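Visitor: Since chain A is already given, all that's left is putting chain B on it; use the hints.
If you're matching them up, the sequences are chains A and B in order. Just so we're aligned, residue 1 is where the first sequence starts under this note's numbering, counting upward by one. Just so we're aligned, residue 230 is where the second sequence starts under this note's numbering, counting upward by one.
Hint data in this document are derived by calculation from the structure and do not stem from the laboratory. Only a predicted model underlies this, so the values are computations on that prediction, with no experimental measurement involved. C-beta: ideal position from N, C-alpha, C; glycine also. One thing to keep in mind: the hints can contain errors.
Where chain A lies over chain B, by a calculated footprint (3+ residues, C-beta under 8 angstroms) [unchecked claim]: (1) 259-267; (2) 330-343; (3) 429-439.
Quick list of simulated restraints, FRET-style, between CB atoms [what the hints assert, rightly or not]: (4) B:S324 - A:Y71: 19 to 29 angstroms; (5) B:Q603 - A:A56: 37 to 47 angstroms; (6) B:D439 - A:R216: 47 to 57 angstroms; (7) A:V19 - B:S375: 13 to 23 angstroms; (8) B:D439 - A:W129: 34 to 44 angstroms; (9) B:D601 - A:F136: 27 to 37 angstroms; (10) A:G22 - B:R337: 33 to 43 angstroms; (11) B:V281 - A:Y71: 57 to 67 angstroms; (12) B:V243 - A:W129: 56 to 66 angstroms.
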Amino acid sequence: MNLESMAWLVQWVSVDSPVLPGPWAMQWWLHLGWSVVLAWGFAALGQAWPPRVRWAGAGLVALWCWVPGLYSPTHWLGMAFQAPSISSVVLCAWLLRESLQPSRRVLLLPSSVDRSTLALAVLGSIAGWALLLDSFALLPMSLYAWGFSPIAPALVLLVAGLPWVLECRDGALDTKAWVAPVAVLVFVALRLPTGNAWDAVLDPWLWLLLQGYVVRAAFRRTSRLKSVH
Amino acid sequence: MNLKSLSWRLLCAVLAAGAVLGVDLAQRPLAPAAAGAVGPVVPPSFSVDHLVQAGRGAIPMPADAPAAHASTLLPMPASHPAALTVFWFSGERESGPNVQIAASQWDRATQQWAPARFVANRHVLGAVLGFGVRRLGNPVAWMDGSGRIHLFVVATGWGGWAASRILHLRQSSAGNGLQELAFAPVRVLPLSWLWNTSHLVRNAPLPLADGGMVLPVHFELGIKYPVALRFDSRGEFLGMARISRRHYALQPTLLAKTRTEWLALMRDARPDGKVIAARTQDGGRSWSDLPDLALVNPDSAVGGMALAPGHMLLAHNSSPASRAWLDLSRSADGVAWTPVHALEHGATDDDEFSYPAMAWADGSVWLSYTVDRQRLAWQRFSVDAAANAAAPNGVKP
Numbered sequence: 001m002n003l004e005s006m007a008w009l010v011q012w013v014s015v016d017s018p019v020l021p022g023p024w025a026m027q028w029w030l031h032l033g034w035s036v037v038l039a040w041g042f043a044a045l046g047q048a049w050p051p052r053v054r055w056a057g058a059g060l061v062a063l064w065c066w067v068p069g070l071y072s073p074t075h076w077l078g079m080a081f082q083a084p085s086i087s088s089v090v091l092c093a094w095l096l097r098e099s100l101q102p103s104r105r106v107l108l109l110p111s112s113v114d115r116s117t118l119a120l121a122v123l124g125s126i127a128g129w130a131l132l133l134d135s136f137a138l139l140p141m142s143l144y145a146w147g148f149s150p151i152a153p154a155l156v157l158l159v160a161g162l163p164w165v166l167e168c169r170d171g172a173l174d175t176k177a178w179v180a181p182v183a184v185l186v187f188v189a190l191r192l193p194t195g196n197a198w199d200a201v202l203d204p205w206l207w208l209l210l211q212g213y214v215v216r217a218a219f220r221r222t223s224r225l226k227s228v229h
Numbered sequence: 230m231n232l233k234s235l236s237w238r239l240l241c242a243v244l245a246a247g248a249v250l251g252v253d254l255a256q257r258p259l260a261p262a263a264a265g266a267v268g269p270v271v272p273p274s275f276s277v278d279h280l281v282q283a284g285r286g287a288i289p290m291p292a293d294a295p296a297a298h299a300s301t302l303l304p305m306p307a308s309h310p311a312a313l314t315v316f317w318f319s320g321e322r323e324s325g326p327n328v329q330i331a332a333s334q335w336d337r338a339t340q341q342w343a344p345a346r347f348v349a350n351r352h353v354l355g356a357v358l359g360f361g362v363r364r365l366g367n368p369v370a371w372m373d374g375s376g377r378i379h380l381f382v383v384a385t386g387w388g389g390w391a392a393s394r395i396l397h398l399r400q401s402s403a404g405n406g407l408q409e410l411a412f413a414p415v416r417v418l419p420l421s422w423l424w425n426t427s428h429l430v431r432n433a434p435l436p437l438a439d440g441g442m443v444l445p446v447h448f449e450l451g452i453k454y455p456v457a458l459r460f461d462s463r464g465e466f467l468g469m470a471r472i473s474r475r476h477y478a479l480q481p482t483l484l485a486k487t488r489t490e491w492l493a494l495m496r497d498a499r500p501d502g503k504v505i506a507a508r509t510q511d512g513g514r515s516w517s518d519l520p521d522l523a524l525v526n527p528d529s530a531v532g533g534m535a536l537a538p539g540h541m542l543l544a545h546n547s548s549p550a551s552r553a554w555l556d557l558s559r560s561a562d563g564v565a566w567t568p569v570h571a572l573e574h575g576a577t578d579d580d581e582f583s584y585p586a587m588a589w590a591d592g593s594v595w596l597s598y599t600v601d602r603q604r605l606a607w608q609r610f611s612v613d614a615a616a617n618a619a620a621p622n623g624v625k626p
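So here's chain B without its partners, still in its complex pose:
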């Protein structure tokens, strides 16, 4: 064997590459099965046409926190004292140094929100990570197969929101009652080569039949594009897929039409924008752009969910140049939308009702949203049982 000959060296290089491939493959779990979405468990005769408002109000804010924004709702298990946990970011001002992640829970016994408390602080997270976190924002919550809550939050480095990364936190407390709820960092999600900037998270994940989920996120450094991230039932990162080729679509919200056919509805960063749509028919492996929806979008976040086949809801700002109007619309196909409730119609364009979040819990649709970037409001819609039973277009078993 002459190691100075070209053929021997080439053979050695190929063998070394083969060995690396073998070692790499040996470390990996089997590739996951194709993703299939699951929806919330709704009554068999459910119809979005028969939703009636069952309550509304303000979510209590933490003390000395005059700014609040970007709430997310997490349905809790039926055995838990709370029906919902809401997370948001709050502090002196948006993107301020003292902004923390706040939380409250809707108590089933008292039918009230518990006093809010902070559950994540950038200094504490930075100490565990070993590097600084400049600002926190946009929490999104998910519960894994073991009942642990995961939070995905925007954590900025040097620069503003465009220099953000997505920090994955996992519940570190034994229980998930509000008073004991605590989180520890898992990792900053590896999403980009460019110093891992500038991905942000905003909307709720789409639950999967295997106990995992698909988390919609977006990139926004100049160009804006949406991405879907897949996680397994333990919250381990499985991969990423671009949702749209458009460079002005952000903050996707995912709605499942069937197990494998999903829609992504997105905020439009263009002036005079419409709600942007994309579709996958293979459980998120590949996506294709759809024509814009007829709904106007004043560069503002939308929040939606599919409650049952043919029954989708979308909360969106319907005023063309401001966030003063927030409406709830329904759709059977995700393309044609009809307003069903005016959630908020501000008196002037200076009023802001924005960043809606939606969840199904205790037989109701719950919504939370930001009011004037200062506080959060909530609304609850329950099914009108009499109308639903008589309706011909309900989802019959």
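Looking at chain A on its own, in the form it has when it is part of the complex:
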């Protein structure tokens, strides 16, 4: 490998020229992100209610998140957890859309487990553990800082796209498997929420949810195997 190609490689993995979002974009995302997440939360809690009530309630909750100051949930959620990841917001937007359809009941942890979604959930869980250990400096390298490098979103997209590649013969791919690739594309365009690729594709709440998904799938698989034997 000659020096010129090495220079390109160094630039790809460089963590010292990050592109961060501007203040207005971060504030806009903070409000948008929590409005989508909380609107989905409302719709999910009120699945027994008539669709019109769910629509109106979810809309009001979303608007409430845009109220400035102490009376907005964004004020308190942002104080505690900053902004949600793009993945969380895309996932909640899709779940919200599905749950607001008449006669549709969409569960966050559905009874049937899609193979590709499960594979991504396992990867996300592992990545979350690695990032948690990194937060406490328990890894030999700084994994979070690597999220500022140009190569990070490209590699995340490649990994997140593997279910699509491998499901070529089965045809249909679970919609949730598109969440991470969409998050990467939005991140590269807007650098939200922090300029770090990890913050775009995985936040601690989503990580906890993914672990619930994985544990539930493992439990169901174990139960099924036991019943077969």
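Guide: Frame of chain A, contents of chain B only:
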């Protein structure tokens, strides 16, 4: 083309990843050159051995603010009416809801500190950020290449200091005179995946030759470790590097031995601790731990600076189990330190003189520090010209 074939899909995925890489690279500036530190402009024959006390006193506090802590000193340009600006946090009590960032300036004409005023308020900052800031603390100031002051402050979310984030503020007023000084948030620095907790800032940045700086910070949620953050000449965040592998080192202060060889001296969170040291020889890209210094450290902040090659100063608490003694020591190599001035020696262990900050302005070394968490004191050390001229070990041109 059959999009259902494995090879086609794999090719599409690789092309998409390549396109993302290309778009990402197109948005980025070129990576910065290797960092090189610059020191203050001191007289060519300067020696820390010939520093004599040229003044001391109290820094005026804001009205109705019985608590004060964690000061930082910012040298002002030679053309400015003030030689120094000092920032600290003040309010009813440490970590109280009404704590704000206060400031004062040393007026060159009157040779006095101006009456203090508040320059940053958590409610105002929260309104601009769009989310709440529970508490403010530990301001650290820096002036960028355009003469704008940047403040890095600890801003807590839910929880105490360990749930802190570092909030970057930039001067929003046209001028930087004390009466008009105002700040607006730039961003919370993105330093951790875990809801961006728990990084704190305490000590002054190390200026770089390119007009940027390296800001020493630390993580302190259970485990404590120090981190160096690099900024360009406009104050844009460029990256982060861990300073030490030790899990009890915090509040690093950076001293440049040469352009690229720097020391980080740190507070030790262990009982019976010593001042912890780490070193970089490549301008902060990589760091390695050094043996602890011989200086005791009662889990207390240290503040230091390198004034010239071989002339380093460190203000540190030298009493083993309290913050009652605050000393100024000098070193040629950053490893062996010799006390040169007793800054404060309290009568009892209940006295506290802590969180020293240091700066070079108007031909003097200035120090500020907290007294009993209630007020701030300052001391000034100037070079004894006669002794300095006669000394064989001064920094000769």
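Visitor: With reference to the structure, classify each hint as holding or not holding.
Guide: Comparing the hints with the structure gives:
With 3 residues carrying a beta carbon less than 8 angstroms from a beta carbon of chain A, the stretch 259-267 of chain B meets the three-residue requirement, and the given coverage holds. Residue count for the stretch 330-343 of chain B with a Cβ under 8 angstroms from a Cβ of chain A: 0. That is fewer than the three needed, and the coverage hint is violated. Counting residues of the stretch 429-439 of chain B whose CB falls under 8 angstroms from any CB of chain A gives 0; the rule of at least 3 is not met. In this structure the supplied range 19 to 29 angstroms holds for S324 of chain B paired with Y71 of chain A, their Cβ-Cβ distance being about 25 angstroms.
Against the hinted window of 37 to 47 angstroms, the Cβ-Cβ separation of Q603 of chain B and A56 of chain A comes to about 55 angstroms, which falls outside the hint. A hinted range of 47 to 57 angstroms holds for the C-beta pair D439 of chain B and R216 of chain A, which are about 53 angstroms apart. Against the hinted window of 13 to 23 angstroms, the Cβ-Cβ separation of V19 of chain A and S375 of chain B comes to about 21 angstroms, which satisfies the hint. D439 of chain B and W129 of chain A have their C-beta atoms about 38 angstroms apart, which keeps the hinted 34 to 44 angstroms range intact.
As the Cβ distance of D601 of chain B to F136 of chain A is approximately 34 angstroms, the hint placing it in 27 to 37 angstroms holds. Distance hint check: the CB atoms of G22 of chain A and R337 of chain B are about 37 angstroms apart, consistent with the given range 33 to 43 angstroms. Checked against the hint of 57 to 67 angstroms, the pair V281 of chain B and Y71 of chain A passes, with Cβ atoms roughly 58 angstroms apart. The beta-carbon spacing between V243 of chain B and W129 of chain A, approximately 28 angstroms, falls outside the hinted interval of 56 to 66 angstroms.
Hint compliance for this structure: hints 2, 3, 5, 12 are broken, all remaining hints hold.
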